[in-house]
Amino acid sequence: MRGTDEIRLDINRIREMLTNLQELTNLRFSLHTTGAQEIITVNRRSDFCNLICETQYGYQKCFNSDLKGIEMAKLLEKPYQYRCHAGLIDTTIPIYNRGELAAIILFGQILDDSPIEDQWRRSAQSCEWHTEMYSLKKAFYELPRLSSRAIRAAYEIINTCVSEVRLSQLLSIEQMSDYERLTLYLKSNYAKALNAETIAGELSMSKSRLYRVVQEAGGGKSLNTLITEERVYAAKRLLKTSSAPVREIGAQVGILDYNYFTKLFRRYTGRTPRDYRAEKVRVSAAIGPLASARPLEESGSNSG
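In the working numbering, the protein residues as written are 565 to 868.
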């Protein structure tokens, strides 16, 4: 689990972005570590959530619900929308920094525009342990209600803003080391036909310099190993989030030969692509039943 010192993101820029979004939408936004610890909170909890969290039991249920949503976003490597344990709609958005998961944005504590009586009925069943049901119901009916389209729009705005924060970092690419430039290039171009000559040309360095960079900073890995690792990582993501045939996924990550792709994938993960996909489906089901949970479809500007 990463602490705030280890998160290589522009925290102040993200705080400013979330504050602006809060002023625009009056929703609650927060930034979390990948272990669900809160780093930034914008706007107070709703009265409903405060009533839930007044007890240790309720607070723990809220924390566990957040953690499940975060785990699903990490598993799927894309934004995830779900109903929390108390029936409210939350969305978790993973933030990646140079290909590595750095933090999670969480927003919600809202209802959709379906009949509020039906939503309260489900919530009341989940919260029947609470001793102040009259106050809880009153606070529930005061929660913000958004249409599915408005919830989606809020996600799109956040996603675009996160992309802008990430882009502002990439604009300072001249400050990166040669090895950082190499890894960034591989993360963005793994699907292409790659060799030392092509990569060296794209990075404006000689082949000998490229090999020296890999030797000095690659942790004992060869250039081919670094390329393959990026391709396998991308394949793992696609196997979890796409229903495309395994052969097609191999081609999407730059490995056109199906048998070779299967062999490489098994060498690096210990499982065939088909077995890996089946296992992730089982893990997803085992994380826990999140009512109405669903991943948000990817758009032109994604979080990864």
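Please keep in mind that the hints were generated in silico from the structure rather than gathered at the bench.
Glycine included, each C-beta is placed from N, C-alpha and C at the ideal position.
Honestly, I wouldn't trust all of these hints.
Derived pair list, reagent style DSS-like, types lysine-lysine, alpha-carbon separation capped at 25 Å [what the hints assert, rightly or not]:
no. : residue 1 : residue 2
1   : K638      : K751
2   : K771      : K756
3   : K638      : K625
4   : K751      : K827
5   : K804      : K751
6   : K756      : K800
7   : K844      : K827
8   : K756      : K827
9   : K800      : K638
10  : K844      : K638
11  : K751      : K844
12  : K827      : K804
Cβ pair distances, simulated, as ranges [stated by the list, open to error]:
no. : residue 1 : residue 2 : range
13  : K785      : Q586      : 40 to 48 Å
14  : Y822      : G784      : 25 to 33 Å
15  : G784      : S752      : 17 to 25 Å
16  : D677      : E812      : 33 to 41 Å
17  : Q586      : A781      : 38 to 46 Å
For each hint, the structure was consulted:
In summary, the hint linking K638 to K751 is supported, as the alpha carbons are separated by about 18 Å, within the 25 Å threshold. Distance check on the hinted pair: K771 and K756 sit about 18 Å apart at the alpha-carbon level, within 25 Å; holds. Of the pairs offered as hints, the one joining K638 and K625 holds, with about 20 Å between alpha carbons and a cut-off of 25 Å not exceeded. The hinted pair formed by K751 and K827 meets the criterion: a straight-line CA distance of about 21 Å does not exceed 25 Å.
Among the hinted pairs, K804 with K751 is consistent with the structure: their alpha-carbon atoms are about 18 Å apart, no more than 25 Å. Restraint check: the Cα-Cα separation between K756 and K800 comes to about 17 Å, which is no more than 25 Å; the hinted pair holds. Distance restraint check for K844 and K827: the Cα-Cα separation of roughly 19 Å lies within the 25 Å cut-off, and the hinted pair is therefore satisfied. For the suggested pair K756 and K827, the alpha carbons sit about 19 Å apart, so the restraint of at most 25 Å is met.
Among the hinted pairs, K800 with K638 is consistent with the structure: their alpha-carbon atoms are about 12 Å apart, no more than 25 Å. At roughly 12 Å between alpha-carbon atoms, K844 and K638 fall within 25 Å of each other, so this suggested pair holds. With a C-alpha separation of about 23 Å, the suggested pair K751 and K844 falls inside the 25 Å cut-off, and the hint holds. Between K827 and K804, the direct Cα distance comes to roughly 19 Å. Compliance with the 25 Å bound is thereby established for this hinted pair.
Hint check: K785 to Q586, Cβ distance near 44 Å, so the stated range 40 to 48 Å holds. Look at Y822 against G784: about 30 Å separates their beta carbons, and that is inside 25 to 33 Å. Taking the beta carbon of each, G784 and S752 are about 24 Å apart, inside 17 to 25 Å as hinted. Separated by about 38 Å at the C-beta atoms, D677 and E812 satisfy the suggested range of 33 to 41 Å.
Checked against the hint of 38 to 46 Å, the C-beta distance between Q586 and A781 comes to roughly 41 Å, which is consistent with it.
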